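What follows is the residue order along each chain.
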Amino acid sequence: MKTGVYFCNCGTNISDKIDSEKIREEILKLPGEIRFRTIDFMCSEDGKEALEKDLKENGMERAVITACSPRDHENTFMRVLSKAGLNPYLMQMVSVREQVAWVTEEREKATEKALRYTNAALKRLALQDPLEHKEIDICPDVLVIGAGPAGLKAALSIAESGRKVVIVEKTPVIGGMPVRYEELFPNMECGPCMLEPVLGDVLHGEHSGNIELLTISEVMDVVGSYGNFIVKIRRNPRYVDADKCIGCAECMTPCPVSAKNEFNYGLDERKAIYLPFAGALPNAPSIDNAICLRAKGRDCRLCKDACPVEDAIIYDDAESIIERNVGAILVAVGAGVYDCKKIPNLGYGSMPDVYTSSEFERILASNGPTEGEVKTAQGKRPKSVAIIHCAGSLDENHKEYCSGICCQYAFKFNHLVGKKLPGTKIYHFYKELSFPGKEEFTLYHHAKEDRNTAFVRYRDMKDLKVEKKGAKKAVTYKDASGKKGSAPADMLILCPAVVPAEGSGSLGNILEATHDKFGFFEELHGRMDSAQSKIKGIYLAGACQSPMDIQKAMSQGMAAAGYILSGLVAGRKLEIKPITAVVDADRCSGCRVCMSVCPYKAISYDTEKEVSSVNEVLCQGCGTCVAACPAGAVKGNHFTTDEIFAEIEGVLA
Amino acid sequence: MKNQKPETKRKKPEDKKRSASGGAKSKSSKPAVNGDFEPKIVGFLCNWCSYAGADKAGTSQVKYPPNVNVVKVMCSGRVDPQFVMKAFEKGADGVIILACHPGDCHYKEGNYKAAQRHRMLLKLLGQFGIEKERCRFDYVSAGEGDKFVKVIKDTVDTIREMGPMKKTKKSTSERTE
Ligand SMILES: Cc1cc2nc3c(=O)[nH]c(=O)nc-3n(C[C@H](O)[C@H](O)[C@H](O)COP(=O)(O)OP(=O)(O)OC[C@H]3O[C@@H](n4cnc5c(N)ncnc54)[C@H](O)[C@@H]3O)c2cc1C
Ligand code: FES
Numbered sequence: 000m001k002t003g004v005y006f007c008n009c010g011t012n013i014s015d016k017i018d019s020e021k022i023r024e025e026i027l028k029l030p031g032e033i034r035f036r037t038i039d040f041m042c043s044e045d046g047k048e049a050l051e052k053d054l055k056e057n058g059m060e061r062a063v064i065t066a067c068s069p070r071d072h073e074n075t076f077m078r079v080l081s082k083a084g085l086n087p088y089l090m091q092m093v094s095v096r097e098q099v100a101w102v103t104e105e106r107e108k109a110t111e112k113a114l115r116y117t118n119a120a121l122k123r124l125a126l127q128d129p130l131e132h133k134e135i136d137i138c139p140d141v142l143v144i145g146a147g148p149a150g151l152k153a154a155l156s157i158a159e160s161g162r163k164v165v166i167v168e169k170t171p172v173i174g175g176m177p178v179r180y181e182e183l184f185p186n187m188e189c190g191p192c193m194l195e196p197v198l199g200d201v202l203h204g205e206h207s208g209n210i211e212l213l214t215i216s217e218v219m220d221v222v223g224s225y226g227n228f229i230v231k232i233r234r235n236p237r238y239v240d241a242d243k244c245i246g247c248a249e250c251m252t253p254c255p256v257s258a259k260n261e262f263n264y265g266l267d268e269r270k271a272i273y274l275p276f277a278g279a280l281p282n283a284p285s286i287d288n289a290i291c292l293r294a295k296g297r298d299c300r301l302c303k304d305a306c307p308v309e310d311a312i313i314y315d316d317a318e319s320i321i322e323r324n325v326g327a328i329l330v331a332v333g334a335g336v337y338d339c340k341k342i343p344n345l346g347y348g349s350m351p352d353v354y355t356s357s358e359f360e361r362i363l364a365s366n367g368p369t370e371g372e373v374k375t376a377q378g379k380r381p382k383s384v385a386i387i388h389c390a391g392s393l394d395e396n397h398k399e400y401c402s403g404i405c406c407q408y409a410f411k412f413n414h415l416v417g418k419k420l421p422g423t424k425i426y427h428f429y430k431e432l433s434f435p436g437k438e439e440f441t442l443y444h445h446a447k448e449d450r451n452t453a454f455v456r457y458r459d460m461k462d463l464k465v466e467k468k469g470a471k472k473a474v475t476y477k478d479a480s481g482k483k484g485s486a487p488a489d490m491l492i493l494c495p496a497v498v499p500a501e502g503s504g505s506l507g508n509i510l511e512a513t514h515d516k517f518g519f520f521e522e523l524h525g526r527m528d529s530a531q532s533k534i535k536g537i538y539l540a541g542a543c544q545s546p547m548d549i550q551k552a553m554s555q556g557m558a559a560a561g562y563i564l565s566g567l568v569a570g571r572k573l574e575i576k577p578i579t580a581v582v583d584a585d586r587c588s589g590c591r592v593c594m595s596v597c598p599y600k601a602i603s604y605d606t607e608k609e610v611s612s613v614n615e616v617l618c619q620g621c622g623t624c625v626a627a628c629p630a631g632a633v634k635g636n637h638f639t640t641d642e643i644f645a646e647i648e649g650v651l652a
Numbered sequence: 000m001k002n003q004k005p006e007t008k009r010k011k012p013e014d015k016k017r018s019a020s021g022g023a024k025s026k027s028s029k030p031a032v033n034g035d036f037e038p039k040i041v042g043f044l045c046n047w048c049s050y051a052g053a054d055k056a057g058t059s060q061v062k063y064p065p066n067v068n069v070v071k072v073m074c075s076g077r078v079d080p081q082f083v084m085k086a087f088e089k090g091a092d093g094v095i096i097l098a099c100h101p102g103d104c105h106y107k108e109g110n111y112k113a114a115q116r117h118r119m120l121l122k123l124l125g126q127f128g129i130e131k132e133r134c135r136f137d138y139v140s141a142g143e144g145d146k147f148v149k150v151i152k153d154t155v156d157t158i159r160e161m162g163p164m165k166k167t168k169k170s171t172s173e174r175t176e
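One line per chain: the protein sequences are A and B, in this order.
Under numbering that gives the first Met the number 0, the first residue of the first sequence is numbered 0, with each subsequent residue one higher.
Under numbering that gives the first Met the number 0, the first residue of the second sequence is numbered 0, with each subsequent residue one higher.
There could be a bad hint or two in this list.
With a straight-line cut-off of 27 Å between C-alpha atoms, the simulated DSSO-like cross-links for lysine-lysine are [claimed, not checked]:
| # | chain 1 | residue 1 | chain 2 | residue 2 |
| --- | --- | --- | --- | --- |
| 1 | A | Lys21 | B | Lys62 |
| 2 | A | Lys169 | A | Lys47 |
| 3 | B | Lys149 | B | Lys122 |
| 4 | A | Lys28 | B | Lys62 |
| 5 | B | Lys122 | A | Lys108 |
| 6 | A | Lys21 | B | Lys89 |
| 7 | A | Lys21 | B | Lys39 |
| 8 | B | Lys89 | A | Lys108 |
| 9 | A | Lys108 | B | Lys165 |
| 10 | B | Lys89 | A | Lys28 |
| 11 | A | Lys379 | A | Lys259 |
| 12 | A | Lys122 | B | Lys89 |
| 13 | A | Lys430 | A | Lys468 |
| 14 | B | Lys149 | A | Lys108 |
| 15 | B | Lys39 | A | Lys419 |
| 16 | A | Lys122 | B | Lys149 |
| 17 | A | Lys108 | B | Lys39 |
| 18 | A | Lys341 | A | Lys430 |
| 19 | A | Lys447 | A | Lys482 |
| 20 | A | Lys108 | A | Lys133 |
Just so you know, these hints were derived from the structure itself, not from any lab.
Computed from a predicted model, the values in this text were never measured in an experiment.
With these hints in hand, go ahead and build the complete structure from the sequences.
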């Protein structure tokens with residue numbers, strides 16, 4: 000085995016401190032066919048050329064590069080090896096600049112240490128295997144879970160690039176939370192108007208042919224990995240053919256049964272065949288089988304009789320399980336809000352006219368339960384409104400984090416209440432105020448300048464109490480400075496902490512994607528890779544990963560689309576780096592310790608053969624399973640036990 | 000998180016010149032054999048934080064003793080107790096395992112596994128009569144060049160003070176291979 004040891008002088012950075020002649024002398028005493036050569040600035044064009052030429056001309060089979068840190072130039076020299084016709088994994092780099100020359104006082108000591116490292120590299124290198132980058136075929140299609148702003152923005156841009164996208168949305172409507180808001184901070188744009196173009200493009204736009212929209216559907220199971228997932232989806236019946244339906248709503252009037260409308264948080268009722276709110280998209284009602292008389296065996300046909308289109312209502316529509324093959328999955332299931340009943344002093348659920356912000360959004364909406372009219376349970380116009388910020392946020396007893404969006408919608412409410420009910424007193428009770436950004440402060444400024452708006456800063460939720468005083472309600476409080484007081488509140492709006500969406504736990508289990516300590520989907524890296532989950536091929540966008548506003552949710556959607564479009568390209572294969580773990584099936588005892596330590600769920604167990612195996616697409620090569628395997632059955636490519644043993648012996652020789 | 004205490008916390012030897020001058024100020028009653036003793040130490044460093052931390056010390060050109068020989072692994076989670084036993088068998092006087100700080104492991108949780116294994120390892124070493132101070136586990140991030148230097152100096156001082164591994168205690172290997 001002919002091995003070349005190439006020593007970079009790095010100008011004088013290395014040669015000043017390490018005596019290459021001494022190294023040559025010692026190295027050449029070692030057994031085996033070893034060649035030693037110094038090169039000035041090996042990473043320069045001339046240096047790389049010299050290295051390549053030397054490797055070729057002398058028929059070298061392996062190379063030790065004694066130079067700077069592999070973190071600087073390992074890839075550079077691996078490429079040179081490839082160019083010289085060698086397998087790039089038959090190279091070992093020794094960091095004698097950063098880890099010897101620059102940090103050792105005496106030249107003699109530095110030379111000795113460099114020699115130990117070179118010796119170790121040679122020993123290790125002799126055992127190294129040539130490794131190949133593997134390539135696998137991929138499916139470039141994408142699954143998007145959740146049809147809110149984040150998911151739809153991503154789906155549209157992926158579809159625009161010509162890819163197929165499957166959108167799975169659990170409700171009958173798309174658009175997520177914001178289509179329920181009449182107006183949006185920071186610029187008081189009309190929510191439905193702002194989002195409708197996006198929704199329209201998804202439903203009927205130029206690229207909608209690439210989008211398969213599955214509403215009232217949910218993901219049941221996912222197998223496979225990045226590039227090749229197989230997704231099982233349960234498609235619940237709508238009982239209305241959305242393509243045939245003209246959205247006239249004639250069917251709804253005669254329907255004899257009704258239930259609370261969950262889209263309006265139970266503040267009004269809807270029929271068994273219903274559209275959650277006027278303008279909901281897709282513009283086709285659905286039948287709620289839980290209350291429909293037909294589901295109870297009665298032969299009611301009133302909706303179908305009222306429908307002017309033949310066969311738009313399909314009574315025998317049924318649940319179906321469908322399978323789709325995709326290469327990447329985007330989770331965009333949004334968030335929920337904290338249960339305010341857990342803060343009993345605020346009176347939510349026990350006193351009238353105490354609403355959560357989501358409920359109040361619907362009250363403000365012209366297509367909501369009161370058609371936009373703000374009135375008390377007694378039908379009166381409220382003379383005072385208290386808005387309680389930080390309800391459950393920034394609170395060790397509830398949620399420690401700041402929910403980020405509440406201040407802004409609170410000042411949106413301030414503006415809208417002022418507009419709808421001029422003269423109404425509005426009290427903001429807050430712990431902290433937060434509205435970073437170049438546009439976000441304006442609503443706050445308006446509120447601050449408004450004579451009817453007052454601010455009370457409180458320190459702790461227990462310093463607030465909503466009390467009944469006769470027929471009236473009031474917030475009694477101790478403010479942050481310790482002063483006690485009371486403010487009338489005919490109506491209260493609570494700004495609950497933003498929390499993970501219902502069902503994100505079980506969805507996480509299906510996807511094997513992890514959650515953070517608050518239950519939000521966890522990013523690969525909070526700053527650098529916040530649109531990726533820790534599982535390769537599963538991406539995150541929107542409020543499912545952290546409280547965020549629409550702007551950020553849409554940006555995250557685009558970021559995820561970017562990852563997907565650049566990572567999975569139709570016709571291009573997926574390259575798999577070879578530094579992974581490999582299970583030797585003959586030695587595996589099937590104990591599955593490896594599975595329990597793998598952070599990437601990259602190991603699966605074959606119950607028939609009773610052995611584990613590593614999915615090399617998912618494996619990131621950390622080697623934790625290699626060290627954990629009691630039978631020594633897992634090999635860590637490029638960091639095998641024998642290679643590391645050889646290195647240990649080398650440095651200690 | 001960054002200021003986790005090292006697992007094996009030791010009293011810092013007050014003066015490193017002492018060893019060079021051959022003076023014995025060891026807290027035990029051992030004879031003064033450690034003056035010229037240059038301990039051989041193997042350092043297992045994870046690629047992402049600790050190895051980068053060592054590089055950082057390099058770019059800052061801070062000098063430290065050359066006794067620690069680095070063996071790079073992708074993650075501290077790869078450090079098999081066998082590696083440590085092998086190092087002792089082959090003549091190391093000490094071993095140090097450096098990992099990313101808790102929560103920072105490039106592979107999520109390899110460093111927790113490593114910390115766990117280190118605790119196990121200390122028990123095992125005890126059975127072979129190897130003092131637990133000879134096997135240190137610590138966290139060094141990519142930015143902590145200064146901490147890397149401190150940990151290295153500290154480890155070298157500690158092992159120097161302890162003296163070489165006793166020959167009889169070294170042959171632990173056959174069983175682990
Ligand atoms: C009261 C209130 C007022 C707000 N006002 C504003 C404002 O004025 N301006 C602003 O910028 N932001 C506002 N926000 C924030 C805004 O609602 C979010 O930024 C936005 O909804 C995030 O979009 P998303 O796509 O991540 O999630 P969502 O809008 O929540 O959409 C998620 C979608 O996923 C679906 N889904 C959930 N689980 C599943 C599942 N398991 N399978 C399939 N589908 C699923 C949901 O049904 C939904 O359609 C407000 C928030 C609140 C609470
Ligand atoms: S990568 Fe540093 S400890 Fe895992």
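Now the hints, each set against the structure:
| no. | hint | in the structure |
| --- | --- | --- |
| 1 | A/Lys21 with B/Lys62 | holds (22 Å) |
| 2 | A/Lys169 with A/Lys47 | violated (57 Å) |
| 3 | B/Lys149 with B/Lys122 | holds (26 Å) |
| 4 | A/Lys28 with B/Lys62 | violated (30 Å) |
| 5 | B/Lys122 with A/Lys108 | violated (34 Å) |
| 6 | A/Lys21 with B/Lys89 | holds (24 Å) |
| 7 | A/Lys21 with B/Lys39 | holds (21 Å) |
| 8 | B/Lys89 with A/Lys108 | holds (21 Å) |
| 9 | A/Lys108 with B/Lys165 | holds (25 Å) |
| 10 | B/Lys89 with A/Lys28 | holds (21 Å) |
| 11 | A/Lys379 with A/Lys259 | holds (23 Å) |
| 12 | A/Lys122 with B/Lys89 | holds (14 Å) |
| 13 | A/Lys430 with A/Lys468 | holds (25 Å) |
| 14 | B/Lys149 with A/Lys108 | holds (19 Å) |
| 15 | B/Lys39 with A/Lys419 | violated (80 Å) |
| 16 | A/Lys122 with B/Lys149 | violated (30 Å) |
| 17 | A/Lys108 with B/Lys39 | holds (13 Å) |
| 18 | A/Lys341 with A/Lys430 | holds (18 Å) |
| 19 | A/Lys447 with A/Lys482 | holds (21 Å) |
| 20 | A/Lys108 with A/Lys133 | violated (43 Å) |
Hint compliance for this structure: hints 2, 4, 5, 15, 16 and 20 are not met, and every other hint is.
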